[in-house]
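**Student:** Spelled out, the chains give:
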Amino acid sequence: MRLKFFLRMIFYSLLRRRMRMLIALTAVAVGATIISGMVTVYREVPQQLGREFRAYGANLLIIPANEAATFDTNKISDIREILSGHEIIGAAPFLYERLEINKQYILTGGTNFTELQRVSPYWQIEGAYPAAGGREVLIGAQLAKIFSPYEPSEIIGQEVTISAGEGTAMKKYVVSGIVSTGGKEEEFAFMNLDDLQQIVGKPNQISIAQFSVVAEGDSLKTLEQKISSGVTGIQPQLVQQIANSEFNVLSKLQVLVLLVTAIVLLLTLICVTTTMMAVVTERRKEIGLKKALGAANENIVREFLGEGCLLGAFGGLFGSGLGYLFAQSVSLQVFGRGIYFSVSIAILSIVLSIIVTGVASLIPVRIATAVDPAIVLRGE
Amino acid sequence: MALLELKDVSMVYNGKVRALDGINFSVEKGEWVAIMGPSGSGKTTLMNIIGCMDKATGGEVILDGIDLSDVDADKLTEIRREKIGMVFQQFHLVPYLTAVENIMVAQYYHGLPDLNDAMTELKRVGLEDRANHLPSQLSGGEQQRVCIARALINYPVLILADEPTGNLDEANQNLVMKIFHELHAEGHTIITVTHSPDVGREAQRCIVLEHGRIKS
Ligand SMILES: Nc1ncnc2c1ncn2[C@@H]1O[C@H](COP(=O)(O)OP(=O)(O)O)[C@@H](O)[C@H]1O
Ligand SMILES: [Mg+2]
Chain A
0 MRLKFFLRMI FYSLLRRRMR MLIALTAVAV GATIISGMVT VYREVPQQLG
50 REFRAYGANL LIIPANEAAT FDTNKISDIR EILSGHEIIG AAPFLYERLE
100 INKQYILTGG TNFTELQRVS PYWQIEGAYP AAGGREVLIG AQLAKIFSPY
150 EPSEIIGQEV TISAGEGTAM KKYVVSGIVS TGGKEEEFAF MNLDDLQQIV
200 GKPNQISIAQ FSVVAEGDSL KTLEQKISSG VTGIQPQLVQ QIANSEFNVL
250 SKLQVLVLLV TAIVLLLTLI CVTTTMMAVV TERRKEIGLK KALGAANENI
300 VREFLGEGCL LGAFGGLFGS GLGYLFAQSV SLQVFGRGIY FSVSIAILSI
350 VLSIIVTGVA SLIPVRIATA VDPAIVLRGE
Chain B
0 MALLELKDVS MVYNGKVRAL DGINFSVEKG EWVAIMGPSG SGKTTLMNII
50 GCMDKATGGE VILDGIDLSD VDADKLTEIR REKIGMVFQQ FHLVPYLTAV
100 ENIMVAQYYH GLPDLNDAMT ELKRVGLEDR ANHLPSQLSG GEQQRVCIAR
150 ALINYPVLIL ADEPTGNLDE ANQNLVMKIF HELHAEGHTI ITVTHSPDVG
200 REAQRCIVLE HGRIKS
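Protein chains in written order, with numbering that gives the first Met the number 0: chain A, 0 to 379; chain B, 0 to 215.
The following block holds chain A by itself, in its conformation from the complex (with noise of 0.2 Å):
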């Protein structure tokens, strides 16, 4: 009964005098959204930024061990496997065999164009990819220009021969596209890894696999050495270069965040403190009245600090909604991709403010016992 009317109290004094508590309301509410905003940027952008690094490239190569040219391409699930309950965005698997085409011998490469693709999003192509089983090869922008050396794009839908070496059964492939990607790929051919399985008479073998997978800095280092003790011939090797500018471009990023939050939080608990301290001030009749009607020091405190707190769930409620939305926003712009919304978020926002908005009106909270309630007797 008494609690009830505590809280009835502390309730109608927020519900009923509106103007003063909605502004108090407003500054916990936009310090709740930028928080909660921000934990969810900060939560989500190394993931959503994991996944952005992925468009440069493999970050974990797979060879063959024990100095091996090849290996089974049934390792690629497992591997896969170990690697189940982190995204993977590609895994391509590659076979290096010279060839000779048109009378050249020439490092050709057999793989699945489709997890290339994913693995490698900047291969550019003029022309296409080569179609699965359409006989059809892929020429590096180096060799185009030896086989034609004066308009290099016209060896785009023209046959070549291809075989094993000399000796070996001679096939006709169409060039179905010129790849650049700035690096020694140009000077390769690529055909469907099936093709040059046959050709060189490699059934299911394999030299290197591609992993491009969503992990950072020390995670992706724990996979390496799982993958290393748990497959055996093979060997996984990190792409370094690719893995630290990853993981030093992120912990930049989280301290960033995290310097932007706390100041948030400092900015929130100065208005907080200084709207309860207005509220005192305006309100020294009432806390002298009720000092005269008997209410103890701690009367005072508990009142305060609940009419703090409740104004501080309310804030955070509304502003872990507000965050939400924006942290959505600011992900469907960027990233171009929505994120769920997470009940834990919510929670922390809400407790964050309701501390906030506590630690806020400690000041205020001072200076309302300090009310002497001999005021109501004297009048103004």
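Hints were generated in silico from the structure; no laboratory data involved. Hints are not guaranteed to be accurate.
30 Å max Cα-Cα, derived BS3-like pairs, lysine-lysine [as the list claims (entries may be wrong)]:
#1 A/201 <-> B/15
#2 B/74 <-> A/284
#3 B/74 <-> B/28
#4 B/15 <-> A/284
#5 B/28 <-> A/3
#6 B/122 <-> B/6
#7 A/171 <-> A/183
#8 A/3 <-> B/74
#9 A/284 <-> B/122
Knowing the structure of chain A, use the given hints to seat chain B with the ligands on it.
**Tutor:** The following block gives chain B with the ligands in isolation, referenced to the frame of chain A:
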């Protein structure tokens, strides 16, 4: 033994302003005493001391057998809560609480809030139909009657009223004075402060202050 006894009470503000100087009087249980005097004569200062809102700088104040001069601030709050019912010139209701809730506030600080008791007290001052109105929706006279109901709710041994009709028109003044007469008839002990001779006359006995001393 008298309910209230003041012996050689003095009050000096800031070490210089002598607001009360050698006050001696006592009030018996069931008495209605008026304290009168011109503005600045020390009436409010005296009310603050009797009402346990302030401590005299000299002398002894004994209320219901307790010597107020040697208790600390917390104890003073407790005595105020238990023994005093106060009515103010400016009404002083909590603006965001309804009439009945304002009465329940006093119950809340005293012990348990009880809606039925609060309603009974409102009925006594004739405001049961305004129970759910906010102070801003009540006239001055109605607000003062809520204050009286609030002062009575915890069964105080002493009712203090500082200029209770100071801000009221004649009709409301009469209504409030009628309630005080009823309370007196029921056996309540009342001290009213006023500078109006009309209001002062209603009490059984008058104490007149001048420059912090009792005149005549
Ligand atoms: N808190 C205070 N500090 C200093 N002087 C005060 C204070 N309260 C009252 N006084 C002084 O004490 C004297 C009596 O004041 P008061 O008790 O309010 O008189 P009354 O209520 O009869 O008008 C006045 O001279 C007033 O200025
Ligand atoms: Mg006065």
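**Student:** Residue 74 of chain B and residue 284 of chain A: Cα distance at most 30 Å?
**Tutor:** Holds, at about 22 Å.
**Student:** Could you grab the alpha-carbon distance between residue 284 of chain A and residue 122 of chain B and see if it respects the 30 Å cut-off?
**Tutor:** holds, 27 Å
**Student:** Straight-line Cα separation of residue 74 of chain B and residue 28 of chain B no greater than 30 Å?
**Tutor:** holds, 23 Å
**Student:** Is it true that the CA of residue 122 of chain B sits at most 30 Å from the CA of residue 6 of chain B?
**Tutor:** At roughly 39 Å apart (the allowed maximum being 30 Å), residue 6 of chain B and residue 122 of chain B break the hint.
**Student:** Would you mind confirming whether the straight-line C-alpha gap from residue 28 of chain B to residue 3 of chain A stays at or under 30 Å?
**Tutor:** Violated: residue 28 of chain B and residue 3 of chain A sit about 36 Å apart, past 30 Å.
**Student:** Are the Cα atoms of residue 15 of chain B and residue 284 of chain A separated by 30 Å or less?
**Tutor:** holds, 27 Å
**Student:** So if I understand the rule, the pair passes when the alpha-carbon distance is 30 Å or less; does residue 171 of chain A with residue 183 of chain A pass?
**Tutor:** holds, 25 Å
**Student:** Are the Cα atoms of residue 3 of chain A and residue 74 of chain B separated by 30 Å or less?
**Tutor:** holds, 26 Å
**Student:** Check the hint pairing residue 201 of chain A with residue 15 of chain B against an upper bound of 30 Å on the C-alpha distance.
**Tutor:** violated, 111 Å
Violated hints, listed in ascending order, are 1, 5 and 6; each of the other numbered hints is respected by the structure.
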